[in-house]
Structure formats: structure tokens, C-alpha cells
Amino acid sequence: MIPVTHVLVFSMILFGIGVTGVLIRRNALIMLMSLELMMNAANINLIVFARQLDLLAGQVFAIFVMCVAASEVAIGLAIIAALFKNKGTVQIDHFNGLKG
Amino acid sequence: MDFTMINIVIPTVKILIVFTVVLLSVLVMTYAERKVIAFMQVRLGPMRVGPWGLLQPIADALKLFSKEDIIPTMADKWVYYLAPTLAIVPALLTFLVVPFGDQTTFFGLLKHPTSMAISDLNIGLLYILAISSVGIYGILLGGWSSNSKYPLLGALRSAAQIVSYEVPLTLAIIGPILMANTLSMKGIVEAQSKGMWFVIPQFFAFLIYTACAVAETNRAPYDLPEAEQELVAGFHTEYSGMKFAFFYLAEYANMIVVSAIATVVFLGGWLPVPGLAFLHIPAIIWFALKMGFFLFIFLWLRATYPRYRYDQLMAIGWKFFIPVALINIFVTALLVL
Amino acid sequence: MEALISFFSHYMLYILMGVTILTAVGVVYSKNAVHSVVALLLTMILVAGIYLMLDAEFIAVVQLLVYAGGIIVLFVFMLLLVALHKDEALRLFNTYTMISLGLIAFLVIVLAVVFFGTPFGPVPETVTHIVKGGSTEAVAGALYSTYILPFEIASVLLLVVMVGAIVLTKERVKL
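Protein chains in written order, with the working numbering: chain D, 1 to 100; chain U, 1001 to 1337; chain Y, 2001 to 2175.
Keep in mind that the hints were calculated from the coordinates and are not lab data.
Errors might be hidden in some of the hints.
[As the list claims (entries may be wrong)] Here are the simulated lysine-lysine pairs, PhoX-like style, with alpha carbons at most 25 Å apart:
hint	chain 1	residue 1	chain 2	residue 2
1	D	K87	Y	K2170
2	D	K87	D	K99
3	U	K1063	U	K1077
4	D	K85	Y	K2031
In this text the structure is predicted, and so the values were computed from the model without any measurement.
Here chain D stands alone, though its shape is the one from the complex (with noise of 0.2 Å):
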């Protein structure tokens, strides 16, 4: 087995890859795969240090976060897809409509 902290600084990098991208991106679509890499960072922290501590907690909540992922895409993407029908756009250059 390799030691934790070369996982964890893997997790963080994907976690960072993920946050760029919904910084950088304009495209929501994009900006939600980029939330799914994050959330993906964060269970394979939870399960590495699940096989640590020889605890089964953090398989458990693993589970928690993918269920947490799957209702954030459905609520996302049906938030897009009007979006989309409103506006006929994904960009989020082009909800500024609160903007004064």
C-alpha cells in the first residue's frame, strides 16, 4: 500500500482541477462536471482514510456523497435546461438579468 498523504495530495489536485473549472469555464454544463470532480475528490479522501483508520464510516458516507451528487445533476441540469428554453443559451454570460 502506498502512505496517505500521496492520495490525499492526489484528491487535492483533482479538487483544484475541479475548482478552476468553475472558475475559469463559462459554460454551466461544464461548471457542473467540474462540481462533480470536486465531489469526487472529497469520497476518495473519505475512502482512503476509510482503509487508514479501518473504519467503515467513511465507505458509508461515500455512498451519502454520491447520492448528494446524482440529486445536485438533476436538480442542475433541469435548472440548465430552463434555463436554456428561456434564453436559448448555456452560457453564464448571458444570465445577467439581475445585473442593474
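Here the structure of chain D is known, so what remains is to put chains U and Y in place on it, guided by the hints.
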């Protein structure tokens, strides 16, 4: 041979044998399909190549391999190449856990008995469900990357259909899992060897599974993704040559996989038919016979039923199969408790 | 041959992690949204492989079922619907790209230093609670006894999401 070598050589040989047999049975399947449907429609079917047209599948394969490989100009090249691979790899990977028979030494050839499955995972059934859910991307991405309207429509239909029917398919398998108390393919067959085959107590689950399996593999009467009267050929309209052959192979490999799952979960796997055990037919022959019976149902349905309309297809999936499968799970759980 | 096998079993996790980072970068930096979603699919499959290497094969299979079988199909479906309309050529990235990249690199480096400075202790060679080679029963036992309340809450969440998604996308609703 030392221990590690045996651990490498035996799985490698198993993988080679299973893949060869699967690919050969796809050839046999294409021939059987044309013949069976021809006989049901009082025709002769292929008769030209070889005696009774027996060499027809080989001629078809040669034709596909030697055809020109056309790529549409506006196609997305990367995804266009990736799609056939994504279709066939999951279809072949699912054979990893299918137990074709009990543990055997191959007539004393090996010192220790080895399992007839390439690998006997203890979450075998979940593994099959997980891997086969990846197969849909071949269809979706193939339809999108062709950059043409009929493939796109076929792909969208297929995505909606497969996602909808995956739910009742999984729910139908849960009943037998509850009765067998294990997810291992081998364990499920062994549970049936103690009692009766699960097709009897789980008859409704078996019916739902059969219907959903037909829908999952995009076969008639659920073949809307490739309804030739409306969509030319569906998601693989723009594919030709080898890449088309890959989609074709994937479709038939998927049919064989769902038949194998039905055989293991409902029809008692390699166990002999009750009362016929005295014939001493090898386990693998029983397995092949049961799979052949299930594959015959596919052809039978295709020759018998007209295609569903799209809204009918969705309605029957969501409003009939899922509730019935849920009720089946409730009743099974109560009885098992 | 044996050297090769021991090499792979020892470094498999590193190989998986490296390829996962490449595909994750592909998700963010692809110009075409469909390429992004293909990269996301590969990332999810590779992450399932990582779970497998960390003795969590039930989670790995659930990852494949939930992400590859469900979530990404939704993404592709949505993308195909959106891609039917030609979007005008917009800039892919916004003006703060360099600043965001710098900040995130800083965050990753700081946390990596913290991780390397923390004594996590040696990795246990054998695990007892996480039954090696079959965590399904153990996870199910914990899920339906100790964690039954969060499990029920999760099911209510899914019900709410189901209703919400239908309400949001139904034709008559005016936003």
C-alpha cells in the same frame, strides 16, 4: 510450473477461450437469426454460400472487413473512432464473471479444480450491471459524432430507452438476489441447486427481466433506436466497414450477456433440468442449451411482434414494469424474512 | 514476468492517479463540451479503479453504476439537446483565468505541505472492519443499522429531487 505461472497462464487461457467462443457464437447467432426467422415466415433463408447457407456468416464477415471505411467530413474524428470501442469493450468485459459451469479439472488435466468463470467476483452481478451501463456511451457518442440527423435521433431515443429500462431490469434481478442471499454468480447457481430454479418462485421477475433485456439490447419489438422505416439505420447509419462490424458485434455480444445472466439468475445456470440428471450431460452443455433457449426467445419475439410506438414504450416501462418489479421485491422480501 | 506483475501491483495506484489527473484536466480544458463529457466519463471509471485499489470494491461498483450509468448519461443527453442549437462563438475562458490558476496552485501547494507535515502513521497492512475482498455485506450492515437515519434522509432527498426536476422542466411552468 510454479504457483505464479499457473495464476497467470490459466486465466489467460480462459480469457482466450471465452472471447473466441463469444465471437464464434456471434457468427452462429447471425446465421441462426436469419434461418429461424425465415422458417417462421415460411421462407428458406440464406441457401447460397455453402450447404444450407452455412458459410453465410463467414461471407458476411469477410464482406464487412473488406469494405471501405468511410468517415463523414463533418464528423468529430476522435469521438467517431472512440464510439465503436466504447460499445464493444463493456460488452466483452461482462463475460469476465459468467460461470459457464461448476469447478472442474478438465478431465484431470489440471491438478487443482478451477472455476469455469474467468474470475469469480463476490459482487459478480453488480459488476455486470455496472459494466453494461457503460455500453450506452458507444451508441450515444456514435450517434452524436456522425454529425447527421438520423444517427442523432437514434442515439437520443436509445439513451432514453436504455436508461428507462435499466431500472426495471435491475429491480427484477433483486428478487432472486434476495432469495439467494449473495451477489456472486456462482453463489446464485448454488442456491438454486438446493431448492428450485428461481424462474418458478420469481416468475413475474423473469417476465419483466425478459422484456427489459430485449429493450436493453435494442431488439425488436423495442428496436426504436434503429427503426429502419423511420431512421434509416439509427445510431450507426454513418458507420461502415470494421467500425460498423464492432457495433454489430457489440449488439450480439450484449444479447449473449443478457441470456447468460438470465440463465444464471433464473434458469439455474449449469444445473441439469430436474429429472434429467441421469443423462450425465456436461454442465457446460446445459448452460449452452439454456442460453440458446433464451436467445431463441429474442428471435421469436422479433418474428412475432410489431414495433412499439415511442410513447407506448416509455409508458409500459415506467407505469407497468417498474411498479410490478417493486411489488415483486416487497413480496419476496416479506417471504424471505 | 513476475517482476512485471509486482511492479504493476505496486505502482498501479500511481498510474491510475496520474491518468485520472490527465483526464480531469481534459474535462476542464476541452474546447468541445462533448470531449469534456467523454473525459469526465473516463475520469469516473478511473476513480472507480482507485476505489478498487483502496479495498472499497462495493463503492467502486456503485461509482460506476451511479456516475457512468446515470449522471453522465444525463450530461450527454443535455449536451445533445443543447448542441442541436448552434451557440454563437463565445470565449471559452474568462478574464480572470491567470489569477484563478495562481490562487489554486497556491492552495494546492500549501495543502500539500500540510499533508506531508502531518504524521498519519503507517498504512495498516491488514484491515478487519473493511472486510478485504468483500466489503458489500459490511457496508450494507452499517448502512441499515448505525446509519439508518441518514439513509432515510437521503431517500427523502432523492424524492424531493425527483419532484423538483419534474416541476422545473415541465412545459407549463413559466420562469
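Okay, the hints, checked on the actual structure:
At roughly 16 Å between alpha-carbon atoms, K87(D) and K2170(Y) fall within 25 Å of each other, so this suggested pair holds. Note on K87(D) and K99(D): the hinted pairing holds, with a Cα-Cα distance of about 16 Å set against a maximum of 25 Å. Proposed proximity of K1063(U) and K1077(U) is supported: the alpha carbons are some 24 Å apart, at most 25 Å. The suggested pairing of K85(D) with K2031(Y) holds, with an alpha-carbon distance near 23 Å, which does not exceed 25 Å.
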